[in-house]
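J.: Spelled out, the chains give:
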Amino acid sequence: MREVAVIGVGMTKWGELWEKSLRDIFVETALLALDDAGVDKIDSLIVGSMSSGLFIGQEHLASLLADYLGQTPVPAARVESACASGGLALRTGFIEVASGMADIVLVSGVEKMTDVNGNEATYALGTAADQEYECYHGITFPGLYALIARAHMEKYGTTREQLAMVAVKNHHNGSMNPLAQYPYEITVDGVLCSVLVADPLRVLDCSPITDGAAAMILCPVDIAKKMKKPLVKITGSGQATDTIALSSRKDLTWIESTYQAAKKAYSMAGKKPQDMDVIEVHDCFTIAEICVTESLGLVEKGKGGKAVEEGVTSLQGKFPVNASGGLKAKGHPVGATGVAQAIEIVKQLREEAGPRQVKGARVGLTQNMGGSGGSSIVHIFERS
Amino acid sequence: MPTPSRYWREIPQRYRLEAAKCKKCGAISFPPRLVCPECKAREFESITLADKGKIITYTIIRVAPQPFVDQTPYAVGIVELDDGVRLTGQIVDFNFEDLKTGSRVRIEFRKIYQEGEAGVIYYGYKFVPE
Numbered sequence: 001m002r003e004v005a006v007i008g009v010g011m012t013k014w015g016e017l018w019e020k021s022l023r024d025i026f027v028e029t030a031l032l033a034l035d036d037a038g039v040d041k042i043d044s045l046i047v048g049s050m051s052s053g054l055f056i057g058q059e060h061l062a063s064l065l066a067d068y069l070g071q072t073p074v075p076a077a078r079v080e081s082a083c084a085s086g087g088l089a090l091r092t093g094f095i096e097v098a099s100g101m102a103d104i105v106l107v108s109g110v111e112k113m114t115d116v117n118g119n120e121a122t123y124a125l126g127t128a129a130d131q132e133y134e135c136y137h138g139i140t141f142p143g144l145y146a147l148i149a150r151a152h153m154e155k156y157g158t159t160r161e162q163l164a165m166v167a168v169k170n171h172h173n174g175s176m177n178p179l180a181q182y183p184y185e186i187t188v189d190g191v192l193c194s195v196l197v198a199d200p201l202r203v204l205d206c207s208p209i210t211d212g213a214a215a216m217i218l219c220p221v222d223i224a225k226k227m228k229k230p231l232v233k234i235t236g237s238g239q240a241t242d243t244i245a246l247s248s249r250k251d252l253t254w255i256e257s258t259y260q261a262a263k264k265a266y267s268m269a270g271k272k273p274q275d276m277d278v279i280e281v282h283d284c285f286t287i288a289e290i291c292v293t294e295s296l297g298l299v300e301k302g303k304g305g306k307a308v309e310e311g312v313t314s315l316q317g318k319f320p321v322n323a324s325g326g327l328k329a330k331g332h333p334v335g336a337t338g339v340a341q342a343i344e345i346v347k348q349l350r351e352e353a354g355p356r357q358v359k360g361a362r363v364g365l366t367q368n369m370g371g372s373g374g375s376s377i378v379h380i381f382e383r384s
Numbered sequence: 001m002p003t004p005s006r007y008w009r010e011i012p013q014r015y016r017l018e019a020a021k022c023k024k025c026g027a028i029s030f031p032p033r034l035v036c037p038e039c040k041a042r043e044f045e046s047i048t049l050a051d052k053g054k055i056i057t058y059t060i061i062r063v064a065p066q067p068f069v070d071q072t073p074y075a076v077g078i079v080e081l082d083d084g085v086r087l088t089g090q091i092v093d094f095n096f097e098d099l100k101t102g103s104r105v106r107i108e109f110r111k112i113y114q115e116g117e118a119g120v121i122y123y124g125y126k127f128v129p130e
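Protein chains in written order, with my numbering: chain A, 1 to 384; chain B, 1 to 130.
Hints in this document: simulated from the structure, not taken from any laboratory.
Take the hints with a grain of salt, since some may be wrong.
Ranges between beta-carbon positions, derived for each pair [unchecked claim]:
1. 73/A - 115/B: 29 to 37 angstroms
2. 40/A - 25/B: 56 to 64 angstroms
3. 302/A - 33/B: 28 to 36 angstroms
4. 117/B - 200/A: 29 to 37 angstroms
5. 40/A - 121/B: 56 to 64 angstroms
6. 33/B - 68/A: 37 to 45 angstroms
Below, simulated DSS-like cross-link-like pairs (lysine-lysine); rule was C-alpha separation at most 25 angstroms, straight line [as the list claims (entries may be wrong)]:
7. 271/A - 250/A
8. 250/A - 54/B
9. 111/B - 250/A
10. 24/B - 155/A
11. 100/B - 303/A
12. 40/B - 263/A
13. 13/A - 229/A
14. 40/B - 264/A
15. 100/B - 52/B
16. 264/A - 229/A
17. 40/B - 250/A
18. 233/A - 264/A
19. 263/A - 301/A
20. 155/A - 54/B
21. 155/A - 52/B
22. 52/B - 271/A
23. 250/A - 21/B
24. 100/B - 250/A
25. 250/A - 52/B
Remember, predicted model here, so these are calculated numbers, not experimental data.
Don't be surprised by glycine CBs; every beta carbon is placed ideally from N, CA and C.
When you get a sec, could you build the whole thing from the sequences and use the hints?
T.: Next comes the structure, spelled out in structure tokens:
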């Protein structure tokens, strides 16, 4: 297997981008990534998108985007693993480069979510759950994570305030990220007063609906070494599945797919959780970040709430989690999220993260998750 | 929205709680599967689920998908039946303040939602106080 490096990243401001189409936001970010890498030709294009069909009625997405990027006849593929589609795009590109099938691969993620109304968006997102045995009964995604939240609170004593602290921390970090959808601070009281969506989760526990794209360029380390930029390698990649229906899990508070994906990524990289300097996780809801920090082995089982309260996961803490602002503040265009997480780690390792820079970060991790944990994808990055 | 054929296919589970019990390890699958998730065996016998159980976790949905908007707020939970199977479904006929994990419930056959005034009416199981 060849060693793989990231040589270019591209991301534009996320938000409700009514004036721009899916192809616009994709091409803008892809051009930024190509320019950052200093290449104008690619061997392969991978795009992660959860549901372009339901959000804009467009399938056959990869060819459309290759066309608008001016890269036909390059081979192009769209991959999907619900909200982990971006992470899967990265992994697919990693495999292509590592295997020698391609040298220069554009890995991207995109979702255009505001061309439909809120109910239609809720429906589209709900397709990541079991249509016949979850959605049929009126459950929503906030609802599924609310079921997890109550189980975690009752099993481990996690408090409502600790959930709020995840959102407050991520908004604090996001206030230093000019590309974030909501780059401003919020307070614990503000979260606790916000409208209930699915008890005990309130609207400020939830990541928003976002238009956005993200792109990066991968290549073999041998080629990357000839470039002038700091060398960032992808040294670990892991992917795992679990039951799609939450009710089928033996422990509702434990994200087994994340544990399994992380185990593979740590093993491939020869690293342990303690080696991670900067971490981006899938905080689609505040409770998700708490469960994921446990399943990644950063904190003890059941201690995720306490960890955020004690500042372990703050920018100055032992394990800075979601320096970018996370899904909560940065936004969550579902298919783009996994790629944007990787971009944040690359920026951190290149020491280009500005006021939210984690000093001296050399090793970083991303965790991207589909549905209520039916799929997880973990990557480890190192600067050398 | 489910089409008639899609709705019809699920009737044995939604109306009659038909499940599959693995002939090798005894694990119950609901809905029935072709491969046992516990032991990978492929032989099953058809059984009916227990109709009583207890609430494992619950939430109250206040922002709902379109077909359920007129039912908000409503409770949805995961219930562990007395045979060990866990199901997701609505918990009804409770005051929200009386809902607790561990509360005993039983399954009743109820309307889930309907497509407008003259459309299809969808039925299935809901949980009510035991």
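J.: Does each hint fit the structure? Answer for all of them.
T.: Hint by hint, here is what the structure shows:
no.	hint	result
1	73/A - 115/B: 29 to 37 angstroms	violated (46 angstroms)
2	40/A - 25/B: 56 to 64 angstroms	holds (58 angstroms)
3	302/A - 33/B: 28 to 36 angstroms	holds (32 angstroms)
4	117/B - 200/A: 29 to 37 angstroms	holds (35 angstroms)
5	40/A - 121/B: 56 to 64 angstroms	holds (59 angstroms)
6	33/B - 68/A: 37 to 45 angstroms	holds (42 angstroms)
7	271/A - 250/A	violated (28 angstroms)
8	250/A - 54/B	holds (15 angstroms)
9	111/B - 250/A	violated (29 angstroms)
10	24/B - 155/A	violated (33 angstroms)
11	100/B - 303/A	holds (24 angstroms)
12	40/B - 263/A	holds (24 angstroms)
13	13/A - 229/A	holds (23 angstroms)
14	40/B - 264/A	holds (24 angstroms)
15	100/B - 52/B	holds (16 angstroms)
16	264/A - 229/A	violated (28 angstroms)
17	40/B - 250/A	holds (17 angstroms)
18	233/A - 264/A	holds (17 angstroms)
19	263/A - 301/A	holds (15 angstroms)
20	155/A - 54/B	holds (16 angstroms)
21	155/A - 52/B	holds (23 angstroms)
22	52/B - 271/A	violated (47 angstroms)
23	250/A - 21/B	holds (18 angstroms)
24	100/B - 250/A	holds (20 angstroms)
25	250/A - 52/B	holds (19 angstroms)
Hint compliance for this structure: hints 1, 7, 9, 10, 16, 22 are not met, and every other hint is.
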